[in-house]
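Participant: Chain residues, written in single-letter form:
Number of protein chains: 2
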Amino acid sequence: MTDRILIKNLSATPEGPVSVSGWVETVRDQKKVQFVVLRDESGAVQLVHPRSEESDPIAESISGLAAGSFITVSGDLKIDERVKLGGLEIKLSDLTVVSEAIAETPIAADSSIDKRLDWRFLDLRTPRNSLIFRIQTTLEHAMRTYWIERDYVEIHSPKLMASPSESNAELFEVDYFEGKAYLAQSPQFYKQMAQAAGFGKIFEIGPVFRADPSFTSRHATEFVSVDAEISWIDSHEDVMKMQEELLVAALTAVKNKHGEEIKTYFDVDVVVPSLPFPRIPLAEAKRIVAERGYEVPRADDDMDPEGERQIAAYVAEKFGHEFVFLTDYAASIRPFYHMRDDADQSITRSYDLIWRGTEITTGAQREHRIEVLTKQAQEKGLDPEELSFYLDFFRYGVPPHGGFGMGLGRVMMLMLHQPNLREVTYLFRGPNRLTP
Amino acid sequence: MTDRILIKNLSATPEGPVSVSGWVETVRDQKKVQFVVLRDESGAVQLVHPRSEESDPIAESISGLAAGSFITVSGDLKIDERVKLGGLEIKLSDLTVVSEAIAETPIAADSSIDKRLDWRFLDLRTPRNSLIFRIQTTLEHAMRTYWIERDYVEIHSPKLMASPSESNAELFEVDYFEGKAYLAQSPQFYKQMAQAAGFGKIFEIGPVFRADPSFTSRHATEFVSVDAEISWIDSHEDVMKMQEELLVAALTAVKNKHGEEIKTYFDVDVVVPSLPFPRIPLAEAKRIVAERGYEVPRADDDMDPEGERQIAAYVAEKFGHEFVFLTDYAASIRPFYHMRDDADQSITRSYDLIWRGTEITTGAQREHRIEVLTKQAQEKGLDPEELSFYLDFFRYGVPPHGGFGMGLGRVMMLMLHQPNLREVTYLFRGPNRLTP
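Residue numbers (my numbering), protein chains in the order written: chain S, 40 to 475; chain L, 40 to 475.
Errors might be hidden in some of the hints.
Because identical chains share one entry, a pair is satisfied inside a single copy or across any pair of copies.
To be verified - Simulated crosslink set (EDC-like; lysine to aspartate or glutamate; CA at most 16 angstroms straight-line): (1) K70 <-> E143; (2) K154 <-> D431; (3) K47 <-> E299; (4) K123 <-> D95; (5) K419 <-> D339; (6) K296 <-> D190; (7) K47 <-> D190.
Think of the hints as simulated: they come from the structure by calculation, not from any bench.
With these hints in hand, go ahead and build the complete structure from the sequences.
Facilitator: Below, the structure is given as structure tokens:
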């Protein structure tokens, strides 16, 4: 490996000879002295070079440096409190241009999001944008660690399926040798299969695919889904309890590791929520938002995005909480595999989790009784024949179980107060975006 | 949650009342006393019920129990060293059938692999098969922890692409609204994009797709790829060094957590390899296997599977090592993006990693000089126009970098001495298998 010091470690390095590598952020090419701001994955540092009056190859290199070029430099590290950037600088003794950039950068700080996504690899060079993915790394590792400490099994369910995983809508079709396959819309059926297999508790973080033609800030045709499923639950309450603990563990890890940087680059204070999160049955939530003067303009029993914002505002005012579980959704607007309430068959043992006004999760207890499950599928107009591979999971015994699916991008978007999934996705995919 | 004790924890539980839940493995319905072996995700325990001479609903339940049914029982835990299964049993006071199984099980221990895969959710109920996925969980977590402790960033690259990620062969085509998309054959281009973005060190564990019509024990149309890519390397040696350390960390974690179970269920001693792994240039490897009497029957410069087995046998005999890096593959048989040797343009700075005779990884330093990269693409008959989105990554500066891709299933197969990827994959996908 190149024998370099990470820039973040310079402040703990004694004055004297050092070598660093990274890319050129800015050049100030003055008559008597030249300055370069060099950035690597950990930070930025000022390089200084007083021009010599004789032949000066370093000065010539710096004069020709295009921003973005990757270089390796050696020099003397000096503490200098006058230097705004970290209170130190490196006086150059050697500079090697490893990879030259084209002089014209195609995007600027004020470029449109679409233009920035065209040049995502340059867009991600800003410390703010690369921070997003270091935060996401911490978030995911904390979630996996929470699960692994509790003996969950990680699964990788197939993304190629012979039939739809959720519904016939929003389905991508694949040419599969002489036939057809479909891309998994969720790992739903295969998470449940693990329960029939006796795995007990499982999780998966992986891609899902939705042929959703919409262009909202919250939808993508491919996104990362965070999924868990657990056996021997009494109701969806057990799933909510696990999920809220999981989120507290994950947000605590993020706040501890990145709280200050998040404040610096996003002006956001990461709030670790208190336990338990508030829970409000959907019918009650609709009454509450109606009392606030908002009638949800839907013919069905569902909430709408404005209703979710209204109930979040109510919860923030009343409980000082950013999260709320809306529970007991009507069976009419839930998938056939959600278990219904014993006392009231018109509602399900299910929930959505709303964070700062936006839905990030659907969870539920699943119907595990084969005859009830088959009947519910038929009521939704599904053909049990087409679902036979899934229904088989329930014919040979299966414990009561439930789980949730959570969009990783939505969590990142809401955590960092971003307006759009595109900002927090490594490479966004939508109806008219398949590149880079 | 159901208030149950995991079966593995019974041995540390005092005698007295307990409740356990799981599925019925066997029933011995004798005249005076009934025995049930109950299994959960953690182990198995014997339940005992002496028949009463009066009305005995528990006895009736047990007589009607089909294997596979999920039940919850309460009773008195008794230490009894005569009981082969863990030296304890539970004398029943209550039994609830939670979910009845069909009496006829469609597979048996001697069913064909294809039949077992048709009923994978039952096949996975055996302690041996469920252990595979607990081991995989430990392996993956150890790898991710190794990376995260070293400040790697986790990425999720898109699986939907506008053009091929590796080659025009083995490509799945997707109907994408009015156009077409392709499934990623690897995260290769997007791992490299992270280097241009200045991420430094990244990893991804996720699905990749190959429209490969072959039916070998080592190929699948969808599999989980373990990928890493790092900046500022001097050569492929730096990548090998990281990968061997990673594997030592992962295998150490597996051996510590599951070594005894693996011995019990697979009769395999997990060997933590010594560092460094042997390295042999491919040309020398071919001379060595030729000296052993095997001439690789290929027109090109590549190894073949038998050659890989032969060189592995040589390495085992000579160095007592299960792993070997074969290095310096000919440029003619490597992708255009592998960097060539400075002194000999006919060979690449690349390697394959062979474990016990089977290839599990290809790694390389990547060519990052745009003019060389473009020329190498053209020499391979590729159209730089089609690759323009990828070639753009190299026009604005990029550090020297390299990485590897490793098939998770192959690692599991070789670790557990299994004959086939199908045995170690949650749900295998091949040319004629898309279900369940």
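Participant: Take the hints in turn and mark each one as holding or not.
Facilitator: Hints, verified against the model:
Within a single copy, K70 and E143 get their C-alpha atoms no closer than 23 angstroms, and across copies no closer than 89 angstroms, so neither meets the 16 angstroms cut-off. Proximity of K154 to D431 under the C-alpha cut-off of 16 angstroms is restricted to the inter-copy arrangement: shortest distance 14 angstroms between copies versus 49 angstroms within a copy. Taking the shortest Cα distances, K47 and E299 sit within 16 angstroms of each other inside one copy (15 angstroms), while across copies they are farther apart (43 angstroms). Taking CA atoms no more than 16 angstroms apart as the test, K123 paired with D95 passes in neither setting, with 27 angstroms inside one copy and 84 angstroms between copies.
For a Cα distance limit of 16 angstroms, the shortest separation of K419 from D339 inside one copy, 15 angstroms, qualifies, whereas the shortest one across copies, 58 angstroms, does not. Only between protomers do K296 and D190 lie at most 16 angstroms apart by alpha-carbon distance; the minimum there is 12 angstroms, versus 25 angstroms within a single protomer. Taking identical chains as interchangeable, the C-alpha atoms of K47 and D190 lie at most 16 angstroms apart only when they sit on different chains, with a minimum of 12 angstroms there against 36 angstroms within one chain.
Violated hints, listed in ascending order, are 1 and 4; each of the other numbered hints is respected by the structure.
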